[in-house]
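**Student:** The primary structure of each chain is shown beneath.
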Amino acid sequence: MMPDDVLDLLAAVLLLLGAFLSMAAGVGLVRFPDALSRLHAATKPQILGLIFILAAIALSSRSWSTLLVLAPILVFQMLTSPISAHMVARAGYRTGNFRSDLMHVDDLEEVVERATRESAD
Amino acid sequence: MTNTGTVYPGAPEAVPPAPATRKELRWRLWVQLPLLITLVALWMLLWGTLSWLSFVSGMLVAFAVTRSFYLPPVELSGRFNPFWFAVFLARFAADLVVGSFGVAFQALGPRGITRNSMVAVDLVTRSDFIITLTSIAISLIPGSIVAEVDRHESIIYLHALTTDSDEAVIALRLKVLSVERALVRALGSAADVKATGVLAMSGPTAGIPVSPPRKGRDS
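So the sequences go chain by chain: A and B. Counting in the numbering used here, the first sequence runs from 1 upward without gaps. Counting in the numbering used here, the second sequence runs from 1001 upward without gaps.
Because the hints were derived from the structure by calculation, they are not lab data. Backbone N, C-alpha and C define an ideal beta-carbon position, used for all residues, glycine too. Any given hint might turn out to be false.
[To be verified] Not everything, but these chain B residues come out facing chain A in the computed CB check (under 7 Å):
hint	residue
1	1136
2	1139
3	1167
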């Protein structure tokens, strides 16, 4: 087997792994019960899934210029996805888009209540 | 990401920038230098060329961006330990893989998800930089999302999947604190390194907010 074949095989495996994670994210979106937990499914496997896909592209193209394009994609994804997840989680929590019967501990409830009271005064 | 929409009276960014002396100006430039370099590097990366033209235009754009979108300068600790940073990256990568497949199998598995929690974790550091990095790292690790940050008390509130018992909640708190500690070892100030080291000895009660936040927050 040539070294190139090995790299191509590796790229194929990585592509499949990335595809699997993306599919799991889609299934999670449907199956998870409320907005907050769906958020986990939607945003999370994506990071590793994206890393797998980008690694597969880098392995199959094997050029520096591709790598230089792929790197900022990953960096921006890693910087922006926590922020969007944070904003949706924050809004989702405050608008009550979650099932409190599924909450084991809720440390935030009291804090938000007090803040709402204080801002009403 | 940490302070979105939460305005505290007296917070650093509320103070209008005072007229700067020459020395102050030089200090501010020095503090902003890493940001400027990053912006220029990014600009050149996006153009895909390493040339003087892209460097000079990148410099101009970086200055324009930092002037027009003013942010309080990020206060770095001035410490950087490559070894501990590598340790952090390795642990982060491991967490990423374990968490991703964990959430994926939860989505596909027959049991689905069980119970979740919104957990408050009282961080040791008071540095905005470390709080932000910890929140980003925690948010990137699948299974937990930072939903709210109390910057004054440095408490982060995170929503976590399958934290269905008190043990799981405690384990999550210790996990967050260990991520914080790893980051502090790599990038934090010497005082923070000491404080996190002391905290690591204090056992499972660590990270529970002692006093609830008192400041008013917007709703």
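**Student:** Look at each hint and say if it fits the structure.
**Tutor:** Now for the hints, and whether the structure bears them out:
Using the Cβ-Cβ criterion of 7 Å, the hint placing residue 1136 (chain B) at the interface with chain A is satisfied: the shortest such distance is roughly 5 Å. Interface hint at residue 1139 (chain B): satisfied, since its Cβ lies 4 Å from the closest Cβ of chain A, which is below the 7 Å cut-off. With 7 Å as the threshold, the beta carbon of residue 1167 (chain B) stays out of range of chain A, its nearest partner Cβ sitting at about 11 Å, so the hint is violated.
The structure does not agree with numbered hint 3 stated previously, though it agrees with all others.
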